[in-house]
Structure formats: structure tokens, C-alpha cells
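Generate the whole structure from the sequences, applying the supplied hints.
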Amino acid sequence: MCFNMPKTGTGVVGGDNMTGYKDCVLRINLNNGTIKKEKINAEYVKKFLGGEGYGIGLLWYEMPHNAKAFSPENILSFNTGPLTGTPTPSASRTSVVFISPLTNTIGASNMGSHFGAELKFAGYDSIVFEGASENPVYLYINNDTVELRNAEYLWGKDTRETTELLKNELGKEFKICCIGQAGEKLSKLACIFSDDCFAGRGGAGAVMGFKKIKAIAVKGEGSVEVFDKDRFLSVNKTAIKELRDETYTWGPVHGYGTLAWLDGANAYGILPTRNFLENSFADIESLLPYNIWNDKEKFKVNRRACYSCQLGCHKFVYMGKMEIGELEYETVSALGARCGVDSYEDIALAAYYTSIYGIDTISAGATVSTAMEWYEKGLIGKEDLDGLELNFGNGKSMAELIRKMGLREGAGDLFADGSFAAAKRIGGNAEDFVMAVKGMEISATDPRGSASMAIAFGTSERGACHMRPYSATIDAFGYLFSALDINEPKNPFDENESKEWLKAVKEYFVVTNLLGICDFNVINMEMSPITLAELYSAVTGIDTDKVELLKKAERTIALERSINYLRGFTRKDDRLPQRFINEPAPYGPPKGRVVDMDTALDRYYEACGYDKEKAIPKYEKYIELDMEDIAINVLR
Amino acid sequence: MKVGVVKVITNPKSCQGCRACESICSLYHFNKINPKSTGIKIKELDEYGKFSQTVCQQCADMPCAKACPQNAISRNSYSGAVTIGDNCTGCGECAKVCPINAIEIIQIDGNYRAFKCDLCGGVPQCVSICPRQALGW
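Residue numbers (full-length UniProt numbering), protein chains in the order written: chain A, 1 to 636; chain B, 1 to 137.
Hints are computed from structural coordinates only; laboratory data are not their basis.
Ideal placement from N, C-alpha and C gives every residue a C-beta, glycine not left out.
It is possible that part of the hints are untrue.
[Said to hold, decoys possible] Here are the computed lysine to any residue pairs in the SDA-like style, where the Cα-Cα straight-line distance is at most 20 Å:
#1 A:Lys241 with B:Gln133
#2 A:Lys237 with B:Tyr28
#3 B:Lys13 with A:Asp295
#4 A:Lys68 with A:Gly131
[Unchecked claim] Sample of chain B residues facing chain A (criterion: CB under 8 Å; computed from the structure):
#5 Ile9
#6 Lys13
#7 Gln16
#8 Gly122
#9 Val123
#10 Val127
Below you can see the structure in the form of C-alpha cells.
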């Protein structure tokens, strides 16, 4: 059953001079190859703003709620936000929304690069894929010309080869996003690649692979309009100033990218090590960018920022002549500390495989680290691993297994769908060692060191995710933020403390996904939500304040939870693995700590106005959010 | 080519390729962001993460002005920039002679005209938005 709303757009959003939005959505039916251009759906924009919110609107209103991830019914959409393409810091994001094959929940994953801005310049807010193609295709967008083209010759090629082939054929100015072999072979860890930026988590690449879409190539020469230029220029200056005034962001992160976090996370005892058996890595020195990148004989690091990005965390790393790609915090901690590997060469090689075959580095590293624990505990042996010795710390085996996973070759097949799927096949008590929520591997923060991160990982609508929100900034690292009424330090070890603040921070993070800008504008509480609201108002001419902006995020989150609920997800699925509940953290400030999951969930659901069992908004909350139509369908 | 004194100075070694300069240039001059209508152009070279920056150097000898059949190009006495006047017809002669390809022929409301860096009339927006000090003046 799906909850119908007028399918085509109902018209202009922001008065006659529509700005910010392009008011055009591409709807591609892959079953019969038809391409339609339609107006943006004003209802979705009014309720969920755009970006991820728009994609979630599509899932709710236009897809049966029980649609399988690998079925033609699954709607895969690429959604830019109203700020994408403007000079707002990092206004580059495209949210890819789908039903995740990894978690079976909603999938929402967003990527940077220059793809989103180019899509806006070509004249489109979103691309919506319905159905599935029989033969490999790629979508060609050259301004007004949109075609589905044969991609037989690209099938089987890796991400960099595909990008190069398409750029040579179509022109260098085309921006490409594509999948590698992992996506083609429906690996549930497959991601979408765009110039070494990834829509990484949840298996978006596999959904593309199922629909037989190898790539999207876009060239745009049109414009993105701004409603009030003078207001925008003035607010944008404020936004940039807020970003540059944050000393950590504009210091180490601006310089070294997200790898700067390694040091702090390790010192604080929230760096996952050896599949979360430990929370601090003794050989951290060998992973720090300060130590590695200065070895210029071995490594060369070029900056390669996403569109309009001030921060520029994205680096392109060369190892000798080898084009490795991006190395960032999540990658190095997943493939390094988490697997106990201290060899930077092995980590770089494994990162290279994840990049060219198109698999999510976080889940891939986490799956290998889980396999390492299975190996050490005797649940799997060399015979299951094509002869690889998979002890913790064995970098060579780690990189080789990642290669096999990317290609689904030999032993790689067992792990190519993530640790949860592998545990099911291995049987016994293998599941006890899987560090995942809803089937998605936990990213690089140990929740025993931050009560709010325990909730964030547990309740994230797409599975254990580090960006919904990254709240360790507040409770573990002690940031205050008056714009969200966080005026006193929060206790990272107290689940029982009110979590009103966490609700606000989560909405604040989700707002960036709706607007089409990067989370790194807000990760250290840099850009105030007031500034974000001002930017949105200046660009679109739709006057919006902080409260309204956060409400749109709250509504999007509520809708995501509603979809998940109808797919069978409730409180029981918001729990962390038993390791965090039973085994105390061994090092650092969180030493001796375990997570009190029930209390944590209670406080969070209370703060959000959720039913404590169903883990969705109570009826009153739905009404408050102006979502009665949804409440009726969910609560009946 | 004799490079002028007051100009946007480029530093491609620091450029990260974000194109915020292109974006703000277009917005400032045309009230909208158009990747073609910009006085500064960033292109990625063959090596990943290496970029070229192209922006008018406000030449002292102004070959573009000499080539203009309409005499539409002159030096602005306030900003010091070589500027293209409203009588430009978009014939493209200036773009042909520019030694660094810093002049674009663009379309505004159906009419063609030449466009290049005019130092924003005094304070170049691209310089203030550049996050890596890859542009100066």
C-alpha cells in the first residue's frame, strides 16, 4: 500500500520568481525507459524542505511501504537542496534516498564532489529512478537533453575507469557519479562514487546495481538564482566567519582534514580498536597524518575540495605513483585501529580497493575487524578465508580480504554483504561479535565514551551512523552552543540526564541534509541555525526562522521513523550490541563504563515525544508536526 | 603581455578546486550563479588535486582594448581594472587576443557580450571568499 498524493508537482513554491529550487524533477522509469520532467512537488518542499527530506517524501507517498530493497518498486532518488550550487560553504551535497538493502530501513546517504551543483546548473532539483532496467544503462544529462544510454561497455569497469571513460567520451566538463564492481554484484556495502566522494552507507550502490544504472553523467550551463543577492552576500559572510572562527575546525581540520580527529578521539578513549574490544589504539602514532604525510618520499597529498567548500577536508593521496584517493578519519580508523593495523601502506592499499570497487570503507573495515575476532575465537579458519591468516593487526590479509570483498571473489563473497549477513551464514554465536545496529556497522566512535552517541547510533533511522548527529562534540568534547540552548557542559557518562539537547542537535544536523550543505558546517557547532535559516530565506525568498527550519528536520525524522515502523522496526531495533552493555571500556576517561541502553532510550524518546515501545511519535506529536495524514496511516 | 599592478594574484599551489570564487563572482555580477558567466575559471589538471586558475591580469598594455572594434574596453580610473563597457557587442575580438584566455563571451537576456574580471569595482569578492589564500590582490 502506498499513501497517495498528487504525483506530479503542484507548482511553484516561492512565489512567481522561484529561486533556490529549479522547480524541475527528472523522473526516470527504467522499466520502459521513459523520462519525464515534472515540477517539483510543492507539498514535499513545504513539509520537508528538500534534499533528504524530498527523497523521504517520495518514499512515503509514492512507494509501497513494504517494498523490498532489491525490487523494482524501490525508489532511488538523488536530491539536491535549495542551497546546493550557491557560494554557501560546502553547498555541494546530493542526498541519495532509497530503501537500504543493508538495513531494510530507509536509506539516506549523501555525497559531496561537484555533481550536485552541476545537476542544479543543468536545471534539476532531483533525479527519481523507478523500476529496474534489464540491461546496463547510464543516464546522460546535458542541460535539457536527457537520455538513458547503453552502458554494456562500462559494466565490469571500476569507478575510476568508468569516470575516465565517460569523461573522455563526453568531455572533461561532465561530472560523473557511478558504481564499481561491488555495486554491480549487489554487495550490500556498495556505495556510489563521485570524484572520490561517496554516498557511502546503506548500500546505495547496490540499489543502483540492481536497477542496472552504471553511472550518471551531467553537464549544466544554466543558473541557480538567488532571491535577494545583497542579503545573501551579507549572511554568507556571517556563515563563513562563523566557520573560520571555530579554531579546531579552521585549524587542524582545515589543514589535515578529518584525520585530525584521530588524535583527540584516541586520547579521549572513543576510538574503536580491535572490533571494540578496546577503545584506544596503542600504535596511534603510526596513523597520525602529521607523522605520515611528511614522509614525502612515500606519500603525496593534494587538496581536492567539493563545490564551494571552505573547509576542504577532502584530500587526494598518492602512495608512490599509486592513486589511492581520499583517506579520512572513518577510513583510517576502520581499516586501521579497528582492525589493529598500524601499517599505513596496508591501510592505503585497502582504501584504494574500497574506492575503485565502490564499497563503504566504514562497513568494510568493520566487517573485516569482526572477521578477525571470529578468526581469533575459532569461528572461522584459514579454509574459510582462501588461506588468509586473519589475526588482528595483519594488514596484508586485511587489504587482500577487502579486495576480495569488492570483487565478491572467493572468500570475499562471505563478507561482501556486511558483518551481520556473514554472521548469519557462519552461525553459532557469531552474531555476538557483530558491532552493528539494524545491520549497519557502527562507525568510529565508541559509545561507551559518550552517552549521547550511544543514543545517536541506536536510534539513527538508517542504522548506526556517525552523522545523525555527531553529538560527542557536545558531551565528550565539551562544546557549548547557545543557539540551541546548550549553555552548560553535558555529562558524557549520564544516560539519565535529559536529552532535549540531543533532539535539537540531531535536527540541526539533519537540516544540513535538507539544505544541501555538508555536516562539517555544523559538526563543531560552527554555523548557527539562525544563519542557516537566514541563508535559506535569502536564497529562496521564503522567510523561514530557526524554529521552522528545525521543525522541517523534525518532521523528516518523524517520517523516516514512520516508514521504518511500518517495515517492522521498533524500540528493540534501537539497541546497541551487547558488548557495550556488558563489557566495560578498558581505557581512558570512559574506563569501566558500560551503556545503560534502556534509560538512554527512555530519556531520548521522552525528549522527542515518541511512544516508548513503538519508537515513533505519539499521536499528539504527529498533530503538532502537522502530520495527521501520516499518523492515521501509522497508528490505525 | 605586460601584467598590470592592481590585479587578482593567483597561487595555484594553494588552490583546492572548490570553485567558491567562480560561484561568488557570478552571483555578484549577475545576481545568479552560472558556471559559464564568471570572471575567474578553475580547471582541474591531469593530476588529481592540481588546478589551474585563469583570471584577467589587468595588462598594462591592454591588448584586448586595442583589438576592440567598438572601443568598449578601457581602464577604470577608480578601481584600476580594465573594464568592458556597455557598448560591447560580444564580437569576441578581445577574447581572441587575450594572452591568457581570461575573457568569456557570455549570453545575457539573449544578447552576447564579453565578460572578464573587473575587480568587482574595488574589492574582489573571489579574494575574500577563497579559503586557502590561493587568490590575493
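Results of checking the hints against the structure:
no.: 1; hint: A:Lys241 with B:Gln133; result: holds (15 Å)
no.: 2; hint: A:Lys237 with B:Tyr28; result: holds (13 Å)
no.: 3; hint: B:Lys13 with A:Asp295; result: holds (19 Å)
no.: 4; hint: A:Lys68 with A:Gly131; result: holds (12 Å)
no.: 5; hint: Ile9; result: violated (19 Å)
no.: 6; hint: Lys13; result: violated (10 Å)
no.: 7; hint: Gln16; result: holds (4 Å)
no.: 8; hint: Gly122; result: violated (15 Å)
no.: 9; hint: Val123; result: violated (12 Å)
no.: 10; hint: Val127; result: violated (13 Å)
The structure is inconsistent with the numbered hints 5, 6, 8, 9 and 10, although it conforms to all the rest.
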